[in-house]
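K.L.:
Sequence:
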Amino acid sequence: MRFVILILGLICALLAGAADALTWHILPDGLGDAPTIQAGIDSAAAGDTVLVGCGAYTEHDITITTGGLVVRSESGHPDCATIDAELQGRVMYCLGLDASTRIEGLTLTGGLSDRGGGIGFSSASPTITNCRFIGNQSTFVGGGVDCRSSSSPTISLCHFIENTAVWDGGGLYCLDSSSPTLNDCVFIKNSSGHSGGGMRCENSTATVVTNCTFSENVSDFGGGFICYSSAAPALANCTFSANTAHADGGGVYCGGSSTIAMSNVIVVFGSAGVGVFCEGNSTAELSCCDLYENDGGDWVGEITGQNGINGNFSADPQFCSSQPDEDRHWFLQSDSPCAPGNHPQGANCSVISAWDVGCGMTPTKRSTWGGIKTRFRD
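Numbered per the working numbering, the sequence shown finishes at 401, counting up by one with no gaps.
It should be emphasised that the hints constitute simulated quantities derived from the structure, not laboratory data.
It is possible that part of the hints are untrue.
In silico DMTMM-like links for lysine to aspartate or glutamate, alpha-carbon gap of 25 Å or less [as the list claims (entries may be wrong)]:
id, residue 1, residue 2
1, 212, 121
2, 212, 56
3, 212, 71
4, 212, 52
5, 212, 339
6, 212, 109
7, 212, 43
8, 212, 185
9, 212, 271
10, 212, 65
11, 212, 97
12, 212, 316
Pairwise CB distance ranges (calculated) [stated by the list, open to error]:
id, residue 1, residue 2, range
13, 98, 137, 46 to 52 Å
14, 177, 280, 33 to 39 Å
15, 282, 79, 39 to 45 Å
16, 58, 206, 33 to 39 Å
17, 177, 348, 46 to 52 Å
18, 348, 137, 48 to 54 Å
19, 280, 43, 34 to 40 Å
20, 327, 119, 41 to 47 Å
21, 383, 122, 46 to 52 Å
22, 339, 255, 15 to 21 Å
23, 146, 306, 26 to 32 Å
24, 383, 189, 41 to 47 Å
25, 339, 44, 17 to 23 Å
We treat Cβ as the ideally placed atom computed from N, Cα and C, and that holds for glycine.
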């Protein structure tokens with residue numbers, strides 16, 4: 024009998040906790056449950072949802088320090104709600120949060136900060152899903168996102184578009200043992216003045232990047248991605264296309280005693296510099312990777328001996344089109360050497376790309392890769 028009473032008591036406590044969770048509905052005209060997104064966050068408690076109604080908001084330096092909140096757009100899609108900081112500060116700042124805090128379905132734009140124009144994370148590891156970081160700026164590092172002080176957010180289904188940093192990490196920058204996990208993200212036309220046009224990680228970070236696309240990002244070193252200062256990232260099933268490094272590492276750059284592991288990755292038609300550059304004091308371990316038609320060379324430098332072993336090769340990946348769609352999706356033809364079962368050496372690599380087969384064999388005449396690069400530069 025006592026056991027039954029105990030169980031009933033636990034059920035009642037759980038139901039009471041669920042009933043206590045509130046939804047704070049925010050509207051663009053300020054007539055919702057709180058006048059602004061920040062006011063809704065300040066009013067909310069752990070377990071509450073701040074539901075951002077569809078429309079445009081002009082707020083900056085929105086700060087989240089209460090764990091367990093959900094901040095999401097009404098539809099869950101980034102087209103629904105846009106927060107524009109109008110270059111008055113960064114869009115959002117997260118401090119001391121764990122994965123129970125979720126930010127979903129928002130577009131963050133117009134942010135300006137020295138670290139993380141879109142979002143700055145400090146000792147924060149929230150879950151970020153289906154968001155867009157567009158046109159944010161940093162006067163130092165992390166145009167779109169900055170992770171520091173052991174911040175390890177999980178970022179999924181997000182787009183980083185045309186963010187800029189004066190120094191490092193146009194799209195995303197992480198350091199101080201910060202190890203973000205990125206899944207199914209796209210980095211398009213981000214830029215930085217020094218390194219990591221798409222992304223830079225350093226200082227012992229164990230960043231994991233899976234099923235991500237880096238396209239048309241620009242920097243001096245590591246147009247798409249750079250790891251430095253004893254970093255140890257892992258890239259799996261990623262596509263690097265048409266990234267530019269004015270010095271070296273058009274696709275990927277590894278330096279400063281770092282170790283990078285790349286598996287099932289395509290690095291193609293990078294402009295200037297080799298596709299994957301590795302300093303002598305650093306290590307790049309590649310398996311099931313296709314490096315093809317990069318201006319400075321493919322399997323050269325520190326990775327010369329890795330071509331032809333561990334499933335690595337150099338061949339036209341045979342995308343469905345000579346140009347990606349508007350979201351930079353590079354789907355494969357059914358006869359692509361990067362498609363499952365088509366490996367030129369017969370290796371069992373599964374799909375080599377961020378994108379799977381999206382069409383049959385294309386019978387039309389294909390453009391030369393030089394012609395494709397010219398289109399990207401126009």
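K.L.:
Hint by hint, say whether it matches the structure.
P.N.:
To see whether the hints hold, each was checked on the structure:
With a C-alpha separation of about 30 Å, the suggested pairing of residue 212 with residue 121 is violated against the 25 Å cut-off. Distance check on the hinted pair: residue 212 and residue 56 sit about 38 Å apart at the alpha-carbon level, beyond 25 Å; violated. Our distance criterion of 25 Å between C-alpha atoms is broken by residue 212 and residue 71, whose separation comes to about 36 Å. Our distance criterion of 25 Å between C-alpha atoms is broken by residue 212 and residue 52, whose separation comes to about 33 Å.
Between the alpha carbons of residue 212 and residue 339 the distance comes to roughly 23 Å, so the proposed pair stays at or under 25 Å and holds. Under the criterion of a C-alpha separation no larger than 25 Å, the hint pairing residue 212 with residue 109 is consistent with the structure, at around 20 Å. Distance restraint check for residue 212 and residue 43: the Cα-Cα separation of roughly 44 Å exceeds the 25 Å cut-off, and the hinted pair is therefore not satisfied. As the CA atoms of residue 212 and residue 185 are separated by approximately 5 Å, the hinted pair is consistent with the 25 Å bound.
With a C-alpha separation of about 18 Å, the suggested pair residue 212 and residue 271 falls inside the 25 Å cut-off, and the hint holds. Restraint check for residue 212 and residue 65: not satisfied, since their Cα atoms lie roughly 35 Å apart, outside the 25 Å limit. Taken as a hint, the residue 212 and residue 97 pair is broken in the structure, with Cα atoms around 28 Å apart against an allowance of 25 Å. Taking the CA atoms of residue 212 and residue 316, the gap is about 20 Å. The hint holds against a cut of 25 Å.
Distance hint check: the CB atoms of residue 98 and residue 137 are about 33 Å apart, inconsistent with the given range 46 to 52 Å. About 27 Å separates the C-beta atoms of residue 177 and residue 280, a value inconsistent with the hinted range of 33 to 39 Å. A C-beta distance of roughly 44 Å is found between residue 282 and residue 79, which places it inside the suggested range of 39 to 45 Å. For residue 58 and residue 206, the Cβ-Cβ distance of about 35 Å falls inside the hinted range of 33 to 39 Å, so the restraint holds.
Distance hint check for residue 177 and residue 348: the Cβ-Cβ separation is about 26 Å, which falls outside the suggested range of 46 to 52 Å. In this structure the supplied range 48 to 54 Å is violated for residue 348 paired with residue 137, their Cβ-Cβ distance being about 35 Å. A C-beta distance of roughly 50 Å is found between residue 280 and residue 43, which places it outside the suggested range of 34 to 40 Å. Distance hint check: the CB atoms of residue 327 and residue 119 are about 46 Å apart, consistent with the given range 41 to 47 Å.
The hint said 46 to 52 Å for the Cβ distance between residue 383 and residue 122, and at roughly 41 Å that hint is violated. Checking the proposed 15 to 21 Å range against residue 339 and residue 255 shows it is violated: the Cβ atoms sit about 31 Å from each other. Checked against the hint of 26 to 32 Å, the pair residue 146 and residue 306 passes, with Cβ atoms roughly 30 Å apart. For the pair residue 383 and residue 189, the supplied restraint of 41 to 47 Å holds, since their beta-carbon distance comes to about 46 Å.
Between residue 339 and residue 44, the C-beta spacing of about 53 Å breaks the proposed range 17 to 23 Å.
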